[in-house]
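If you follow the hints, you should be able to join the two separate chains into one complex; please do so.
Here the protein sequences line up with chains A and B, keeping their order.
Under numbering that gives the first Met the number 0, the residue at position 717 of the first sequence is numbered 716, and the numbers go up by one with no gaps.
Under numbering that gives the first Met the number 0, the residue at position 129 of the second sequence is numbered 128, and the numbers go up by one with no gaps.
Read the hints as simulated data drawn from the structure, not as lab findings.
Don't take each hint at face value.
Said to hold, decoys possible - Coverage of chain A stretches by chain B, computed from C-beta distances (three or more under 8 Å per stretch; other residues unrestricted):
(1) 109-119
(2) 721-733
(3) 753-763
Stated by the list, open to error - The list that follows gives simulated cross-link-like pairs (lysine-lysine, DSS-like), each with its CA atoms no further than 30 Å apart:
(4) B:K82 x A:K472
(5) A:K768 x B:K51
(6) B:K51 x A:K461
C-beta: ideal position from N, C-alpha, C; glycine also.
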Amino acid sequence: MNKKNLYRIADNWFKNQDWKPFPFQKQAWDAYLQGKNGLLNAPTGSGKTYALWVPIVLDYIREHPNYKTQTHKGVWAIWVTPLRALSVEIKNATQRFVDDIGVPFTVGIRTGDTSKKERAAQNRRLPNLLITTPESLQLLLSSKGYDKKMNSLAAVVTDEWHELLGSKRGVQMELALSRIKTVAPKLRIWGISATIGNLDQAREVLLGPGSESFQNSVLIKAKINKKIRVKSIIPKKMELFPWRGHLGLHLLEEVIPIIKSSKTTLLFTNTRSQCEIWFQRILDKHPELAGEMAMHHGSINKETRKWVENAIREATLKAVVCTSSLDLGVDFAPVETIVQIGGPKGVARFLQRAGRSGHQPGKESVIYFLPTHAMELIEASALQKAVKSQKVEERIPYLNSYDVLVQYLTTLAVSDGFYPKEIYREVTTTFCYRSLTPEQLGWILNFITLGSQSLQAYDEFKKVEIEEDGRYKTNNRGVAMRHRLQIGTIVSDAVLTVKFLKGGYIGSIEEWFISKLKPGDVFTFAGRNLELFRVKNMQVLVKKSKERSSIVPSWMGGRMSLSSEMSQLLREELYAVAELLNSDQHNYSENNGETKKQGKHGLSRELRSLIPIFKRQVKESIVPGPKQLLIETFKTREGYHNVFYPFEGRFVHEAMGSLLAYRISLLSSITFSIAFNDYGFELLSDQELDMQQVLDNELFSSRFVKSDLEKSLNATEMARRKFRDIAVIAGLVFTGFPNKLVKSKHLQSSAQLLFSVFNDYEPDNLLLKQAYTETFEHQLEEGRLQLALQRIEKQTIIWKTCTKPTPFSFPIITDRLREKLSSEKLADRIKRMLLHLEKS
Amino acid sequence: MEITIRDTLFTLHPSGALYWKDQNMVLIADVHLGKISHFRKFGSAVPPLAIKSNFERLNQVVSWFKPARICFLGDLFHSTLNKEWRFFEEWVNDQTAQIILVKGNHDIITPSKFTDLGIQIKEELLINNFLLTHHPAERDGVFTISGHIHPGIKLRGLGKQTLNVPCFHRQPKQLTLPAFGAFTGKFLITPKKGDIIYVTTQNEVLVI
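One chain only, chain B, in its complex shape (with noise of 0.2 Å):
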């Protein structure tokens, strides 16, 4: 689904991801790699495909946007080192674009990892008059995106079902991302009047 804000093009991706095509840049927050392997030292059986779907997920976005840059908005590694560490330096290895990482509160993983594997690493990101964080935040005159929230909606219909999906949750003054990980949780949001909600799901970005 393609949206304008402030007159600028922006792609929303079924995953979560974001697409700018001025910039030829896709944004993507909250992967939360490790996260699943991180449980899994600890006994808990979470499923270890869910570990490949994130990367079959970035993978997805990248063929398709095709970008020059992939900017993570932070809260891209969950714990500290394990051995999904190798996936992720595999993937990067076979990126061709260059990637940058604005630094969330889970990111605990010394920086010199990063950078040796060439990415930069940013506190924030500003272009023109978009900020990039991780965290929401409203700054006079720029249109802040974000991540950190994992911003989910809950819809209700039919009966007495209910369904929680995560979205994109546009305010006047800023853009939050639904976090792209797979094993990653929602926090359902209460949109304000002159919010706009945007769902993802398996294969459609829906306004709501």
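Chain A extracted, bound-state conformation (with noise of 0.2 Å):
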């Protein structure tokens, strides 16, 4: 069939459905039947899934003129989705398709849900096409025989490659396509991102650099130029004191009209604590509202989620509370408003949410920005700027993963084994790898089959065998099963499941948190007051409570930090008033208030609405121009206190005040409390600072960051803590059986002990070096932390001696959880330490 005719066979069926293919639709459509590999930028809703499946089932049908009687053996496609809960309306979407042009192929789902029966029918013969999970792909890889069934794979498709780019799930992928493009001559592989910083590299990452199937592919970018309104709700009564952690409780009046004239609003919070607590507090005081709203995160249990998503999609709700849970996939049209509560701190987060609503075409995307305190409004301001210039952050892939590695080539070894040669060859081809060396490869060769560098007299080890002709194979059923159970690089904390005593199951809760409770103690979960009565094999038994006081669980991760893109913008935003508080020192204030539109100093309506506050923090220090980098340093009852004003984010704060710190108390013995937030640190001491001292020896230098940071920062124990990822990722310890978990608390002591071993007796191993290289990079952003601090080398320190606690200083002083450094000298690190006892 020729082109036309198969073009023919797909706008009928858009036009059956009333509808038009995008320019970037035909774009992909072409771009695919020409032999063609690529990533497509595209956001969700806007019919991205056509955009490829639609060439896939047309090639096919180009390729098989008897289409339409005979059935297809084997799977055609693989369409990886990084969410099990998006499978479903991927499926929904594409058997419509088939089904409606008469091409009878069957579409199967294989994600972790499936169950053991479907599975089993699964591996006996795979659907036309198959949707599917990273982690369960590569048990697709586990199986025996896996290169027939996929010899004659036509294409894969990896959705929201965004989403697994900058993570280990993402490495995964890469190596699962390397061998994939090896068994199936044929394959065509293609992405799906939404708008990120670095969407070249992402294609380069998906295809491997400088592999045929990158020089042989293209970027499509669907240019749907969406209108999105950011309103920032400003406080009528500005506080001069922005006081941090209101939660933005205090404009909750404001939020209720927005919530009533509109017909579904969704309402982000970034926390799961916070969101528990806004849908309480909104249910206290408009309790009218009862039955019309609803809360959404991700530690409610799944049936209650779907029901909310599908009461979304009806329409049937008022409002959401939500967190980051409801920020993917699924499309929801009858949502027209979004209420960001506090600062999103990345710019791709808030144009996503942003574009939660107004789905129907021509729709503006109104998005409201609650401030939890005033300061955050500088952040509205740049985010502003950042819905105009789409300035959005990159993914940053991982390097030199040798946990996955070790996992992948078990994997292989489990399944039909693999001659090291050929894998070494198609390793290289992917990013993550391409700068293995052939002795790093065979180090984690002798680890998978040694178990050590050497031949051991009498010893047991069992992983991966060497056979006769060289292949790398596993034998051992006991190995390989224990393999397949913890294939996967997502290691979560252990959850346990909250069910009421009389049975009903709540939802799931870290196990950290319950830790800290006893029976009897009352806490709020899922919108409901819960007494704890038991914890038992891994589930929490409750009853309601009456008592209104609760805890309210605080989940990890719960606090983030502006991207470097947000800090720039805030900066900007910044530097844009201290030119105007230089240029203007008159005439700016009587202006304030009369001018309706953006105002005639450039000045958004959020800063301007600030300027009662700026002008309080020139009284006695500065607003911060491009060259300058403030620091004030003023007394009060707690002791001397000296405030940095970076604006690089809370990551690079805490790493950048841990080492000025560290370097301080080389000068003299001191002691400091240590806080931070993302426009600022603090350091507190009981003694005076010699400020004077710390510019005169260049502290904030950018040389030796490192080796003064694993010394100011405890490394080697944030390294053992990433180490535990590492560790179950490449084998090291065993997380269960399904229903039958290992309890966290005895992970992380395995992997802990484990760490010491080797930091003991194989301080060259790669994947203790691993530990290292994460937590410099990933944790510590050692990077951005450079960059700031070059950044500063170039600046201007302007240091103010304040008689009282400035504006800009009050968020970070009233911060309660400090870190504590201390520098009185002591003999060696023992004796330095002191004995902490802790409250039992």
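If you want it as structure tokens, here you go:
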């Protein structure tokens, strides 16, 4: 069939749906049918599924003239999605197309949720389109004869590639594709990604740098210009001293009219605890909304979440308080309004959330921004710019993740075995392992066959064997079974299920939160007050409680840091203010409030509303400009405050604060407590710090950062924690059988034990080294710290001694979560340590 | 480090061993031999060098104190028989001292395997009002020396540094030894008032 006739099939189908193909869809069809690989940049709800599914089917029709009568044996395409929840939606969309045009294709899902029976059936014969997750794809590679099953595979589509890219799941995909490329010679590889800062790199990582697939590939961008309007909720009364930690509840009443005047509103919070509290408070103050409001976050049980998602789709809910759990996937047409509570910390996340509303064509997306303290209005102002410039964060791919490679090679050994020469060639075509040396591969091969780097007497190590012809293979069934159970790179904290005593599942909760509670304690979860009855067999049994006051669980990862893009935008906003304050010292105040639109000073509405605060700030201090780093010192009852404002995000500030504190401690012995937020950090001490000495000694130097950091922070302890994930991924510790998972406390302790043994006896262990690399690159963001310090080196340091705390310093110095740093002189490390008596 | 308990002199060795001068006896708790091999057998690549280190450290202790008797306070062998037993046999054959094993909860290997090597097996041992057991116990009139707990302590200091180190835990009526084995965990204890903690490091024992 020629191209014209092929396109007629698709065009007719679109016409029957009353749709018109978008230009980007046509582009993708063309490219695919020309045999190209590629990356499609398109947002959710834009018809991205049909951009690729249509040409995959048309290509099949072209190759199989008898397509109507003959069924196809085996898998034609694999669709990989990071979220199990999205698979049903993809299945429905794809099935609908083939059914309508009369191609007898089977569409099947294979994820962790798939029943044993269905999986067995799939093992006999894979569906023509297999929808799966990166983990389940690896599992497929661990089954015998996978190469024959995938032999005629025509396409692998990786959906939401941006989600996978910056994680080890992305590495898993790179490896799987490197294998499938070999076993399926006709393969085309496509990815779908939302807008990220490094789309070109995303394509390179997906296809393999310099590979043939990459040479023969395209990047297609869906130019769907969506109008996004950001409206900040500006408090009527501006506090001059913005406290932190308000959760924004003082502006609750401002939200109610927004909810009431719109069909469906999503309220995004940054943490699950904030979500719980907001939900409670709205209901307390406005009981009339009961029944029309729901809550959605990752720890609520799946049925409830699905119910909420359906209710949103059917427009039966007025408002849903949610977290990032609603960021992805599922398309909700009826949502009219989005409220973002607190700074979203990243441009991409904000745009994604804004895009949740107004899905009808031509409709404008409206997003309200509710600041939890006044300083966040600067963030709001920066976001206005971000929406215009679409300057989005990059997702940084992992490099040399030895743990994932160990897992992958074992996976191949478990199925049909592998030959190192062939695998080395494949693996080094991936982005992650392109610099892998033969020596490093040799190390990993020894690791999985000998469990060490040399043969030991009487050793019973069992994992992978080398057969006579040089094939690496696992023949022990126990090893194979345990490995299959453990495939995956997401190592989560053990979660316990929360259930009512009388039965009824409510959700799941992290072990460490529950471990802090005693039976009888009341906590808020899933919008209910619950009393802990007891914990048994990884189940938390609870009773309903009438008590009002309760503890709200705070979940790990609750505190996010500003991305470097956001930080930069934020600084630019401040610079604009600084410039105005300098150039126009006398006039700016009089116009305040009178100018309706963008003021004549070019300041946004948000910044103008902050003018009283800026005025108070410049009374004793300054608003720093582009060439300035501001340091404020003042004394309060609490002691001597030294506040620094690099505006780089909390993670960088945490590292910089510790670094600086360490360097100061080399000059004189002093004890600090460190507090930090997204704008700056504070070193609080009971003695006065000689700031001149700090400036004279160039303590902000970007030299020797790594070695100083290692000494200032407990790098070993941080690496030890990172090592837990690595140990699990590399199969060093066993996470247990399904339904009988090992407690994370035990997992943690055995991983820690391994870390110590490696440190003592195999300091060159690649997995151990990886733990340190990850600590510095991913946790401490050493790269960003380095750049920030280089920027500071070029700035003039403005040191202001103030008599009172300034507005800028207030959110920092009132932060009660502090880290302590003491440098009292003591002989050696042990002797320096103080006995820590934990309260029992 | 030398300490006196009830007018009796003991030496604390950095390895976690305790030397009882009057009796010319070395006390060692929780070696957990065979544990590494057990892990390796199930596909977890624990460094095999750690196996050797257990024996090397045993030899160091023996050659330092040259005791007449070596008493293991339980959990000498971690698992069922595996090939590490051979190393243990060789080591026992090289010893001139009398070896005693006070049984621990992990010692599931049939006692005859030990007695064949000339090792005495005891449930507990009472010498001059000192009770040697695996599980900690407080009894009237005696001072208990035991293992089982794998005591460790969390120390805090500079920056966010924390350090977990093994320790001897001395209470008014008993002393718990740290685990001797290279691949054994620690249980972080919370000392009470009046307790004394001796931390073991590479080359010395420090009192906290």
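Hints, one by one, checked against the model:
Using a Cβ-Cβ cut-off of 8 Å, 0 residues of the segment 109-119 of chain A lie near chain B, which falls short of the minimum of three, so the contact claim is violated. Only when three residues or more bring their CB closer than 8 Å to a CB of chain B does the claim for the segment 721-733 of chain A stand; here the count is 4, and the claim holds. For a cut-off of 8 Å, the count of residues in the segment 753-763 of chain A with a CB near a CB of chain B stands at 6, and the three-residue condition holds. About 24 Å separates the Cα atoms of B:K82 and A:K472, which keeps this hinted pair within 30 Å; it holds.
Distance check on the hinted pair: A:K768 and B:K51 sit about 23 Å apart at the alpha-carbon level, within 30 Å; holds. Taking the CA atoms of B:K51 and A:K461, the gap is about 19 Å. The hint holds against a cut of 30 Å.
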